[in-house]
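Chains as they are written, first to last, in our numbering: chain A, 204 to 516; chain B, 2 to 385.
Worth flagging that the hints you see were computed from the coordinates, not collected in a lab.
Some clues are possibly wrong.
[Unchecked claim] Over the 10 Å line for every Cβ pair with chain B, so calculated as not near, a few chain A residues:
id	residue
1	G223
2	E257
3	A302
4	R377
5	P466
6	N489
7	E491
8	L508
[Claimed, not checked] Label pairs and their computed distance ranges (CB to CB):
id	chain 1	residue 1	chain 2	residue 2	range
9	A	H389	B	A46	23 to 31 Å
10	A	N505	B	V385	53 to 61 Å
11	A	S326	B	G313	56 to 64 Å
12	A	T348	B	G114	29 to 37 Å
13	A	E491	B	G114	41 to 49 Å
The beta-carbon is built from N, C-alpha and C at its ideal position, and this holds for glycine as well.
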Amino acid sequence: MSRLKTIVRNQRGVQPLRGGHSLCQGCGVPMVVRTVLSTIRQPVVVVNATGCLEVATTRFPTTAWNVPWLHVAFENAAAVASGVESAQRVLRRRHALPAGEEVAVVVFAGDGGTYDIGLQALSGALERGHRFLFVCYDNEAYMNTGVQRSGATPFGASTTTSPAGLDSFGKAQRRKDMTAIAVAHHVPYVAQAASTHWHDLSVKVERAVAADGPAFLNVLTDCPVGWGHEPKLAKQVIDAAVETCFWPLYEVVEGRHRLTYTPRQAPVEEWLGSQQRFAHLFRPENAELISQIQGQVEADWNELLARCEEGRM
Amino acid sequence: MTDVRLLTGGEAVAHAMRQIDPDVVPVYPITPQTPIIQTFAKLIADGEASTEIVNVESEHSAMSAAIGAALAGGRTMTATSSQGLALMAEVVYIAASMRAPIVMALGNRALSGPINIHCDHSDSMLIRDSGVVQLFAESAQDAYDLTVMAPRIAEDARVLLPVLVCLDGFTITHSAEPVSLLPDDEVARFVGPYRLRNAVLDTTRPTTQGPFAMPDYYFELRRQQAAALEAALDVLEEVAAEFELLSRRRVGALEAYRLEDATRAIVALGSTAGTVKDVVDELRDEHEAAGLLRLVSFRPFPSAAIAAALEGCASVAVLDRADSPGGTPPLHAELAAALYGSDLELAGHVYGLGGRELHPPDVREIFRGAAAPYVGLRGERCPV
Ligand SMILES: Cc1ncc(C[n+]2csc(CCOP(=O)(O)OP(=O)(O)O)c2C)c(N)n1
Ligand code: SF4
Ligand SMILES: [Mg+2]
Numbered sequence: 204m205s206r207l208k209t210i211v212r213n214q215r216g217v218q219p220l221r222g223g224h225s226l227c228q229g230c231g232v233p234m235v236v237r238t239v240l241s242t243i244r245q246p247v248v249v250v251n252a253t254g255c256l257e258v259a260t261t262r263f264p265t266t267a268w269n270v271p272w273l274h275v276a277f278e279n280a281a282a283v284a285s286g287v288e289s290a291q292r293v294l295r296r297r298h299a300l301p302a303g304e305e306v307a308v309v310v311f312a313g314d315g316g317t318y319d320i321g322l323q324a325l326s327g328a329l330e331r332g333h334r335f336l337f338v339c340y341d342n343e344a345y346m347n348t349g350v351q352r353s354g355a356t357p358f359g360a361s362t363t364t365s366p367a368g369l370d371s372f373g374k375a376q377r378r379k380d381m382t383a384i385a386v387a388h389h390v391p392y393v394a395q396a397a398s399t400h401w402h403d404l405s406v407k408v409e410r411a412v413a414a415d416g417p418a419f420l421n422v423l424t425d426c427p428v429g430w431g432h433e434p435k436l437a438k439q440v441i442d443a444a445v446e447t448c449f450w451p452l453y454e455v456v457e458g459r460h461r462l463t464y465t466p467r468q469a470p471v472e473e474w475l476g477s478q479q480r481f482a483h484l485f486r487p488e489n490a491e492l493i494s495q496i497q498g499q500v501e502a503d504w505n506e507l508l509a510r511c512e513e514g515r516m
Numbered sequence: 002m003t004d005v006r007l008l009t010g011g012e013a014v015a016h017a018m019r020q021i022d023p024d025v026v027p028v029y030p031i032t033p034q035t036p037i038i039q040t041f042a043k044l045i046a047d048g049e050a051s052t053e054i055v056n057v058e059s060e061h062s063a064m065s066a067a068i069g070a071a072l073a074g075g076r077t078m079t080a081t082s083s084q085g086l087a088l089m090a091e092v093v094y095i096a097a098s099m100r101a102p103i104v105m106a107l108g109n110r111a112l113s114g115p116i117n118i119h120c121d122h123s124d125s126m127l128i129r130d131s132g133v134v135q136l137f138a139e140s141a142q143d144a145y146d147l148t149v150m151a152p153r154i155a156e157d158a159r160v161l162l163p164v165l166v167c168l169d170g171f172t173i174t175h176s177a178e179p180v181s182l183l184p185d186d187e188v189a190r191f192v193g194p195y196r197l198r199n200a201v202l203d204t205t206r207p208t209t210q211g212p213f214a215m216p217d218y219y220f221e222l223r224r225q226q227a228a229a230l231e232a233a234l235d236v237l238e239e240v241a242a243e244f245e246l247l248s249r250r251r252v253g254a255l256e257a258y259r260l261e262d263a264t265r266a267i268v269a270l271g272s273t274a275g276t277v278k279d280v281v282d283e284l285r286d287e288h289e290a291a292g293l294l295r296l297v298s299f300r301p302f303p304s305a306a307i308a309a310a311l312e313g314c315a316s317v318a319v320l321d322r323a324d325s326p327g328g329t330p331p332l333h334a335e336l337a338a339a340l341y342g343s344d345l346e347l348a349g350h351v352y353g354l355g356g357r358e359l360h361p362p363d364v365r366e367i368f369r370g371a372a373a374p375y376v377g378l379r380g381e382r383c384p385v
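Given these sequences and hints, build the entire structure.
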């Protein structure tokens with residue numbers, strides 16, 4: 204488990220992701236990257252999908268990365284990782300790599316590069332059983348291109364392609380349950396985490412990397428620009444997602460579900476009220492929508508509890 | 002000891018792959034490429050090679066995984082055709098820009114639509130400007146030879162680019178011919194070990210690969226990449242010369258067939274060259290000064306060598322097995338540029354789309370200057 208001090212420096216004392224990048228103030232993404240990479244003790248190769256993280260950390264000829272880093276395109280990070288992992292496996296078999304610690308292959312992709320355009324490549328790689336860790340930093344929209352809706356954008360959120368207006372309450376569809384989709388691939392480790400729950404995330408990373416096969420982490424990550432909150436409130440906003448049960452923290456080990464945190468079960472207004480993208484929901488004519496969202500969250504929560512119960516049998 | 006076997010072009014490529022024994026082959030099935038990967042998979046299943054085949058879920062992922070594997074430090078090959086190439090096109094461009102020395106067999110097949118499985122070169126032409134080397138085989142033997150040569154070209158420090166060995170769908174991929182194989186150990190020695198200077202798996206020297214480049218650097222990087230493709234011409238000839246010492250067969254950037262004193266010439270890519278050679282022989286018997294310029298290397302395009310080879314000709318007909326709707330077909334346009342300023346007469350013909358046959362009488366018509374721009378097109382309105 205990482206202590207706060209080691210979150211910025213990994214076990215060898217090197218910062219895997221240095222400062223000087225151009226991710227926005229208050230952006231949750233670098234926090235996720237540092238927590239993940241600082242937890243992993245063995246050497247890593249990072250594969251990054253196109254998105255804010257990639258663009259803001261590697262403007263040629265500069266780089267913020269202190270670990271091997273590979274970016275090919277938006278939708279194929281899991282396929283690229285499959286290639287790296289396969290090469291490592293065969294090179295070890297053929298004694299072309301020095302014996303020693305295995306290199307962990309870690310993917311970072313946004314929700315667009317995971318839920319939507321990247322889903323096929325991810326599904327293929329999970330099904331083939333490559334040993335790698337796929338981390339989705341889920342900020343619930345295509346942020347890098349200017350906050351467009353994605354399959355991860357929640358019901359009711361206003362984005363630039365699902366704007367709220369006189370005739371619109373924002374996104375009219377519910378978000379996909381990507382964590383459940385990953386579980387359906389029968390991989391050894393899947394978990395849902397949040398950018399500001401460091402300890403929880405770090406423990407999950409340790410388990411994910413130790414898993415004998417693919418591991419998937421879905422990490423809710425704030426974006427002050429796209430969500431419309433003050434950068435300094437990032438922690439409160441993410442905490443509200445967790446405490447309202449909008450974003451439960453849990454893990455699925457070999458198919459068995461387990462809650463890793465017990466939320467307060469606060470009303471969804473606490474989550475919705477913290478961000479500008481939901482502001483229109485608080486207009487009197489939209490009151491019904493908020494109770495609809497509360498109902499969805501409760502139904503999902505109860506379903507998750509039932510799965511956790513089954514796991515206990 | 003020469004080892005001559007009756008093999009289809011697809012099998013010949015698979016045997017070259019067995020002898021190269023690459024580290025990783027990510028691949029997805031598509032006709033007419035499939036015999037390559039099926040034959041190769043069986044050779045591995047029988048213990049004749051130990052490559053890691055990654056059965057990916059799409060060609061887009063095949064090329065993506067190939068980039069990952071090649072840059073990680075493994076020798077990587079793959080194969081595709083037509084729609085597969087179209088799907089992976091985005092990543093083919095990136096493979097070139099990331100300087101990933103991947104070798105790919107391309108069983109040339111017409112692009113949809115309508116969907117069709119037979120040969121033309123529209124798939125190759127789709128990625129004409131991607132920055133990859135494209136070498137066209139005339140026969141199964143050629144496909145074998147070029148596949149053995151390809152890693153040496155791709156991995157040369159002056160090049161470091163993907164190399165595509167293009168073999169006409171069905172005409173080459175599925176037709177059996179006697180193919181002379183080199184001994185396994187000679188191929189292994191010829192190809193040598195895969196050594197990449199900045200392997201991603203070298204975690205002691207971290208590199209950032211595939212960064213974001215803005216107007217201040219993008220242009221420089223692209224020009225550097227184009228220069229590497231240009232350099233592949235010299236490298237191809239060097240590798241061809243070395244390969245000739247082993248095999249006594251020479252496959253360079255182009256082949257001049259009875260061109261020395263020819264006044265009329267045809268320029269063509271791929272298996273069609275075989276048909277043209279037959280007609281040239283007949284015409285020569287009839288005392289007509291006909292010749293063929295077969296292009297092996299379409300990218301890089303050997304303009305200077307082509308101009309020199311065609312110098313004595315009065316007229317040249319270019320055969321394109323791909324159209325460029327609304328423009329000039331690709332090979333024709335290249336030839337026009339290469340021969341600009343010379344006074345020879347240049348005619349362009351499109352033929353063979355979607356696998357339509359080109360017959361020797363058609364070739365005679367072309368030599369006579371009497372063929373239509375679209376050779377073999379019946380032209381009637383199709384039923385709706
Ligand atoms: C094939 C392709 N389609 C579209 C784009 C444009 N694009 C680049 S990043 C991006 C959005 C990324 O969203 P996400 O994965 O959620 O990451 P984030 O920007 O939120 O970090 C889009 C649409 C692209 N680069 N490639
Ligand atoms: S737009 Fe959002 S996700 Fe992108 S860098 Fe800024 S805060 Fe982070
Ligand atoms: Mg996003």
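We went through each hint and held it up to the structure:
1. G223: holds, 13 Å
2. E257: For E257/A, whose nearest Cβ neighbour in chain B is about 7 Å away, the distance does not exceed 10 Å, so it is violated.
3. A302: Per Cβ check, A302/A is outside 10 Å of chain B; nearest 13 Å; holds.
4. R377: With a cut-off of 10 Å, R377/A remains clear of chain B, as the shortest Cβ separation is near 26 Å.
5. P466: Per Cβ check, P466/A is outside 10 Å of chain B; nearest 36 Å; holds.
6. N489: holds, 39 Å
7. E491: holds, 42 Å
8. L508: Non-interface label on L508/A holds, nearest chain B Cβ at 34 Å vs cutoff 10 Å.
9. H389/A / A46/B: 23 to 31 Å: holds, 26 Å
10. N505/A / V385/B: 53 to 61 Å: holds, 57 Å
11. S326/A / G313/B: 56 to 64 Å: holds, 59 Å
12. T348/A / G114/B: 29 to 37 Å: holds, 30 Å
13. E491/A / G114/B: 41 to 49 Å: holds, 48 Å
Taken one by one, the earlier hints fail for this structure only at number 2.
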